[in-house]
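Undergrad: Okay, here's what each chain looks like letter by letter:
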Amino acid sequence: MSDSHHEESFWRKYIFSTDHKVIGIQYGITALLFLFLGFSLMMVMRWQLAYPDTAVPIVGSLVKWLADLNGFASDGNLPADLYNVFGAMHGTIMIFLGVVPIIVGAFGNYLVPLQIGAPDMAFPKLNMASYWVYFVGGVVMLVSFFLPGGAANSGWTAYPPLSDIATTGQTYWLIGMVFLITSSLLGSMNIIVTIVQLRAEGMTWMRLPFFVWSQLVTSFLLVLAFPPLEAAGIFQLMDRVFGTSFFLPSGLVIGGEILKVSGGGSPLLWQHLFWFLAHPEVYVLILPGMGILAEVIANNTRKPIWGYKSLVYSATFLGFMSFLVWAHHMFLTGMGQGMSVFFQTTTMIISVPSVIILTCFMLSLWGGSIRFTTPMLFALGWMPMFGIGGLTGLPLGLSTPDIHLHDTYYVIGHFHYVVAPGTIFAIFAGIYYWFPKMTGKMLNETLGKVHFYFSFIFMNGLFWPMLIQGLGGVSRRLSDGGASYAHAQEFLHWNVVMSYSAWLLAVAQIPFIYNLIKTLLADKSPNPDPNPWNATTVEWTDTTSPPLGHGNFEKTPVVHRGPYEYSVPGESTDFTPQTQN
Amino acid sequence: MEIPYNVELREDTGLYNSKLGIWLFLASEIMLFGGLFSAYILLRTGAPVWPPIGEHGSIIHLLKDTIPHATFNTVILILSSVTMVMAWVALKQKNLGKYKMYLGTTIVCALIFLVVKYFEYSHKIHEGFVPAHDTYMALYFTLTGLHGLHIVGGIVVLAYLWGPGISMWNSEPERFTNRIEVAGLYWHFVDLVWIFLFPILYLLN
Amino acid sequence: MIESLGSISKYLGLPINSSSHGHMIDNMIGWVHWLMILLFIGWGAYLIITVIKFNSKNNPKANYNGVQSHYSQYAEYGVIVFEAFLLIGLSIPLYSQLKTSLPNNNEVHHVRVIAQQFAWNIHYPGDDGKFGDTDINLVDEESNPIGLVRDGNGADDIVTINQMHLPVNQQVMIHLSSKDVIHSFGIPEMRIKQDAIPGMTIPFFFTPTMTTDDFLQKINGTKREGKGYEIACAQLCGNSHYRMKGYVTIDTEEKYNSWLVEQAEYIEEEEDDDW
Amino acid sequence: MSNKNLGHHITNYRNVFIYLLIGTALTVIASYVDFNVKDSIAGAIFVGLLIATIKGYLVAANFMHLNSEKKMIYWILMLTVFFLVLLLFIPLLWNLNSLSY
Ligand code: HEA
Ligand code: HEA
Ligand code: CUA
Ligand SMILES: [Cu+2]
Chain A
1239 MSDSHHEESF WRKYIFSTDH KVIGIQYGIT ALLFLFLGFS LMMVMRWQLA YPDTAVPIVG
1299 SLVKWLADLN GFASDGNLPA DLYNVFGAMH GTIMIFLGVV PIIVGAFGNY LVPLQIGAPD
1359 MAFPKLNMAS YWVYFVGGVV MLVSFFLPGG AANSGWTAYP PLSDIATTGQ TYWLIGMVFL
1419 ITSSLLGSMN IIVTIVQLRA EGMTWMRLPF FVWSQLVTSF LLVLAFPPLE AAGIFQLMDR
1479 VFGTSFFLPS GLVIGGEILK VSGGGSPLLW QHLFWFLAHP EVYVLILPGM GILAEVIANN
1539 TRKPIWGYKS LVYSATFLGF MSFLVWAHHM FLTGMGQGMS VFFQTTTMII SVPSVIILTC
1599 FMLSLWGGSI RFTTPMLFAL GWMPMFGIGG LTGLPLGLST PDIHLHDTYY VIGHFHYVVA
1659 PGTIFAIFAG IYYWFPKMTG KMLNETLGKV HFYFSFIFMN GLFWPMLIQG LGGVSRRLSD
1719 GGASYAHAQE FLHWNVVMSY SAWLLAVAQI PFIYNLIKTL LADKSPNPDP NPWNATTVEW
1779 TDTTSPPLGH GNFEKTPVVH RGPYEYSVPG ESTDFTPQTQ N
Chain B
779 MEIPYNVELR EDTGLYNSKL GIWLFLASEI MLFGGLFSAY ILLRTGAPVW PPIGEHGSII
839 HLLKDTIPHA TFNTVILILS SVTMVMAWVA LKQKNLGKYK MYLGTTIVCA LIFLVVKYFE
899 YSHKIHEGFV PAHDTYMALY FTLTGLHGLH IVGGIVVLAY LWGPGISMWN SEPERFTNRI
959 EVAGLYWHFV DLVWIFLFPI LYLLN
Chain C
478 MIESLGSISK YLGLPINSSS HGHMIDNMIG WVHWLMILLF IGWGAYLIIT VIKFNSKNNP
538 KANYNGVQSH YSQYAEYGVI VFEAFLLIGL SIPLYSQLKT SLPNNNEVHH VRVIAQQFAW
598 NIHYPGDDGK FGDTDINLVD EESNPIGLVR DGNGADDIVT INQMHLPVNQ QVMIHLSSKD
658 VIHSFGIPEM RIKQDAIPGM TIPFFFTPTM TTDDFLQKIN GTKREGKGYE IACAQLCGNS
718 HYRMKGYVTI DTEEKYNSWL VEQAEYIEEE EDDDW
Chain D
102 MSNKNLGHHI TNYRNVFIYL LIGTALTVIA SYVDFNVKDS IAGAIFVGLL IATIKGYLVA
162 ANFMHLNSEK KMIYWILMLT VFFLVLLLFI PLLWNLNSLS Y
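Residue numbers (my numbering), protein chains in the order written: chain A, 1239 to 1819; chain B, 779 to 983; chain C, 478 to 752; chain D, 102 to 202.
Bound conformation, chain A alone (with noise of 0.2 Å):
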């Protein structure tokens, strides 16, 4: 809209900019630093897990600061109430200011204009009031941890009564998430305007990159399934605030008095509304994975991705599909066997679109010609660890099975395998992929590579015995790692295994910072390569970025052709960029 020749004023250009290309950096940087808190806080808890009751080493200090200041009692230990805070925080952190900002806000921002050969966002200034909107949710959790009672400590669940009757921390939670949600909804909106509106000429639906098919399902997600938790938000704070009972029912008792409420609220309907949002909400962390995996695996076996169609619609069919399944949280609420069938068997039937897509992407390795550079380290260890989180949802899914594993360390081994090596993994991948068209430098690949194969490493150390121990009963959220119950003294020496791992997972990302660090300090190489990887969608054929341009495209890009036209038979390169006449 400006006229591009005038200077941009500093906060014009790098803080509140409309540029979707600076707002998808904004994200980027912000979501690591908070998956760094996130990473933190649970190598504090993985200590209290290993040796419960014991002071921390190195930070016991912090720990001890922030425990007073809480009002909690602690001797540089991790005491029970702050565990609670931090697995929490930990959760919320994770999810939703972490991974989902990165995936959808950093990436989705950066890269769906470009892909499509679109000048910008459709909606440039909701895409920056998107971005400041999740500073400010980002803020308030922040300001959480230093209240007296600590932040929300009622899990990220935040099941009522318990979250209800919670310290002052889950109303700032609550608020946090409200700002959340909307964020999260004014940037799903404008992904999806922009992806339906602004498509350059040529760019047919199927000629789409899968990542941006991903991204416009998980928008999907975002837009229809996030306000029902945005009422159950207001709901609670209602709750907590003005002292309705949506979430209590008469007739509680808590320490001995009667609970001063009118009563005939339902403690489920938290239940339903919060996993209307969030199982959808996991596909919202690892759809836009798999895209991100399609890129770079066709690039890396340098042949077409294998059934671009099935992955299309499989995604499609995911999303769709993921709006019935959320009750299987829930099997052990006391359902009857209609919802049990129901639920159980959608739960199976979005099983197989999954199954689909990594079959596809596994197909797509056969006949390539695969070069093993680091975002393709990065996805191959994707391929069986997302298997094994996938696999294990299937017991999971099944009611009989889940009486047993239901709300075991089975269920934190499942989903840290889709999330961390699973989305986190592809979030890797994608940061070494693009890195070089975010800033004209090549990350190091040595670093990259020692990065990858610690990562690989000491994440199966640390979720694989979390397994072993939902098998053996093992219950989550206990503070002192199961030290307390009989079941559990003989796993307990797997947390001593988990938490090394963790630890020395934690060492592994030194190589990664340090090489992000020293590359982006490096002196730009003279002449970058614009498209070092030889890819063919539209993103890599504009010349204008890196690093930050006026606008995309120099010459509004055509497309005439499909986004995976590598080693076609007769053409001289094996890439063929899609904008290729």
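Be aware that one or more of the hints could be misleading.
Unchecked claim - Pair by pair, the computed Cβ-Cβ distance ranges are: (1) A:Y1252 - C:I518: 48 to 58 Å; (2) D:V134 - B:H904: 29 to 39 Å; (3) C:I493 - A:S1299: 43 to 53 Å; (4) A:W1741 - C:N639: 32 to 42 Å; (5) D:L107 - A:F1254: 33 to 43 Å; (6) C:G521 - A:T1794: 29 to 39 Å; (7) D:I123 - B:L787: 33 to 43 Å; (8) B:G906 - C:I557: 51 to 61 Å; (9) B:L787 - D:L107: 51 to 61 Å.
What the hints assert, rightly or not - Partner residues are not named here, just some residues of chain B that face chain D (Cβ under 10 Å, in silico): (10) T791; (11) L820; (12) I845; (13) T849; (14) V853; (15) I856; (16) G882; (17) Y896; (18) H966; (19) D969; (20) V971; (21) F974.
Said to hold, decoys possible - With a Cα cut of at most 25 Å, we get these calculated DSS-like pairs of lysine-lysine: (22) C:K487 - C:K534; (23) C:K704 - C:K487; (24) B:K902 - A:K1498; (25) A:K1251 - A:K1793; (26) B:K876 - B:K842; (27) C:K732 - A:K1687; (28) C:K732 - C:K704; (29) C:K722 - C:K732; (30) D:K172 - A:K1547; (31) D:K172 - B:K870; (32) D:K171 - B:K870; (33) C:K607 - C:K530; (34) A:K1793 - A:K1363; (35) C:K722 - C:K695; (36) A:K1687 - C:K530; (37) A:K1687 - A:K1251; (38) A:K1793 - A:K1679; (39) B:K902 - B:K842.
Keep in mind that the hints were calculated from the coordinates and are not lab data.
Don't be surprised by glycine CBs; every beta carbon is placed ideally from N, CA and C.
Following the hints, complete the assembly by docking chains B, C and D with the ligands onto the known chain A.
TA: Frame of chain A; chains B, C and D with the ligands shown alone:
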């Protein structure tokens, strides 16, 4: 740079950007109110009597008194919807004066709605029927309150389009007309929600 | 077949089974894990072979068309059929057998369990076989945690805290509720778990098949030596969630009955020192 | 859009306005009528919601131009309404199918 399809329609979808945007927004609003109505259904079917009897007894008698207010408000909102759509027609006819008149009426209607609401609220609160009194009151205040917030939001947007925002009419009249259409869609939706809130909260007890 | 293939679950590290239905859940878990293992090994082998075979050094020129065969589709159909079998053949009937067809005969022992932060209140109907009424206004954390009305049906009721005694080989029906927040009642060895939700009373049933004494024998020499059955809370319910446990003693019928008599005597003693 | 077309629109809006007023009056009246369904107000609820739905349809179809919208919008709304129905009724069905008492 210029974003395409702000004014003109994209050929394959037949839409301009903000038209699609507002419908997506309304879709999310439908799900938001869906969550609220879902709570209403669940709590109402779970309650032994409706409205439940609390500390101050049952609201039912007080409710009978408020039916005239609520009916009046329903009519007011419907009227505001009609004037809203007429404001858009006026722009289509390139009649700015008429536009200002119609849109002004809409805003005034919205304000009247809020004033009536204020009296309704204060009357109930005065009698001790606060949100915490029982689940009906909790739903009543939450649902109408959220609806009221939507009205407030609408007033802000419409007032902007009535006042300072009108300058766009001189530079980009078609884009401005689109803005009014989009704002109108939102406004009709708020009206539509009320059409359902009115019977379920006031009448069918 | 269902039994023998399902028994792979023995190698999955599940706790010793001590209930009559437990092996069915174990079989179910075993069956699902077969599917998981087959898929993982199959695709894992494929992945390793492919990665070696199509390494860019071994295969410098990629093939535009890639896989042409339909084996993968058969694999997908295989997964669908297998899942359908797990679902329709095993899980759905089992759920109705275990959860929804409540036993309705006089032999069943009924026990109420009322969870609270952070204890399990166990309520037995006493000699008359009828539960007394409860009234939240009578709740006193020290003397009457569940607010039992001590006359009429409630006169002979037995209430214990964190101590659940049950007879072996007899069907037990538990009526589970909660006083405050959501808890989850689980006994891993019995393969039962049920959320305790305030405002709702949820019934479920099982038959213990091994007395605590026998169980203690069995675990001799393991790391949990000397530690019998416990009720474990599986749902986050506050700070002490991690140690919200109840002790479960499965006795022979005689021992169980004498325990009941003993408990009944306590009630009388309590009433005597009425000061 | 031609001016003649607009005139047509205006009459349409006026008619819808009148229908909506009639609908409102009917709902209010209906709420006072005893439909005599098993001692409950189920009848009134049914009639009330029916009228509300008709009114809602009138607003959506005419004021919001849904009677002649683009395909894309219809798709989005159909999807939304489908999920809406799930959201409204599954929790209810759940309660009816629950093991608890
Ligand atoms: C990215 C996130 C993500 C993804 C993709 C999934 C995917 C699935 N999830 Fe998971 N889930 C979570 C995140 C996720 N989940 C989280 C966060 C929780 C816990 C929330 C909480 O309580 O805090 C949870 C909990 C959870 C439960 C509730 C458990 C309980 O509380 O008792 C259930 C139950 O049905 C379930 C089922 C499934 C199923 C059936 C899938 C399916 O979609 C999986 C389908 C995939 C496959 C079937 C894999 C196919 C494999 C192959 C083809 C072999 C490949 C092999 C090689 C490559 C070697 N999940
Ligand atoms: C996206 C979601 C996500 C991710 C990525 C993770 C990642 C990790 N999680 Fe967690 N986790 C949850 C979501 C997630 N988790 C949720 C929802 C719960 C349930 C909470 C609840 O009970 O309510 C949970 C619970 C949970 C528990 C159970 C707690 C309990 O029940 O008591 C444990 C226990 O070990 C655990 C461990 C870990 C570990 C060690 C990692 C990580 O180590 C994995 C690896 C992560 C990384 C490698 C990130 C690295 C990134 C960086 C280092 C950024 C670099 C920064 C810059 C460049 C600035 N998580
Ligand atoms: Cu009770 Cu956890
Ligand atoms: Cu789920």
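Undergrad: Does each hint fit the structure? Answer for all of them.
TA: Verification of the supplied hints:
| no. | hint | in the structure |
| --- | --- | --- |
| 1 | A:Y1252 - C:I518: 48 to 58 Å | holds (51 Å) |
| 2 | D:V134 - B:H904: 29 to 39 Å | holds (31 Å) |
| 3 | C:I493 - A:S1299: 43 to 53 Å | holds (44 Å) |
| 4 | A:W1741 - C:N639: 32 to 42 Å | holds (36 Å) |
| 5 | D:L107 - A:F1254: 33 to 43 Å | holds (41 Å) |
| 6 | C:G521 - A:T1794: 29 to 39 Å | violated (46 Å) |
| 7 | D:I123 - B:L787: 33 to 43 Å | holds (36 Å) |
| 8 | B:G906 - C:I557: 51 to 61 Å | holds (60 Å) |
| 9 | B:L787 - D:L107: 51 to 61 Å | violated (19 Å) |
| 10 | T791 | holds (5 Å) |
| 11 | L820 | holds (5 Å) |
| 12 | I845 | holds (7 Å) |
| 13 | T849 | holds (5 Å) |
| 14 | V853 | holds (6 Å) |
| 15 | I856 | holds (5 Å) |
| 16 | G882 | violated (18 Å) |
| 17 | Y896 | violated (22 Å) |
| 18 | H966 | holds (4 Å) |
| 19 | D969 | holds (6 Å) |
| 20 | V971 | holds (9 Å) |
| 21 | F974 | holds (5 Å) |
| 22 | C:K487 - C:K534 | violated (44 Å) |
| 23 | C:K704 - C:K487 | holds (21 Å) |
| 24 | B:K902 - A:K1498 | holds (21 Å) |
| 25 | A:K1251 - A:K1793 | holds (23 Å) |
| 26 | B:K876 - B:K842 | violated (39 Å) |
| 27 | C:K732 - A:K1687 | violated (65 Å) |
| 28 | C:K732 - C:K704 | holds (19 Å) |
| 29 | C:K722 - C:K732 | holds (23 Å) |
| 30 | D:K172 - A:K1547 | holds (22 Å) |
| 31 | D:K172 - B:K870 | holds (24 Å) |
| 32 | D:K171 - B:K870 | holds (20 Å) |
| 33 | C:K607 - C:K530 | violated (72 Å) |
| 34 | A:K1793 - A:K1363 | holds (24 Å) |
| 35 | C:K722 - C:K695 | holds (22 Å) |
| 36 | A:K1687 - C:K530 | holds (21 Å) |
| 37 | A:K1687 - A:K1251 | violated (35 Å) |
| 38 | A:K1793 - A:K1679 | holds (23 Å) |
| 39 | B:K902 - B:K842 | holds (12 Å) |
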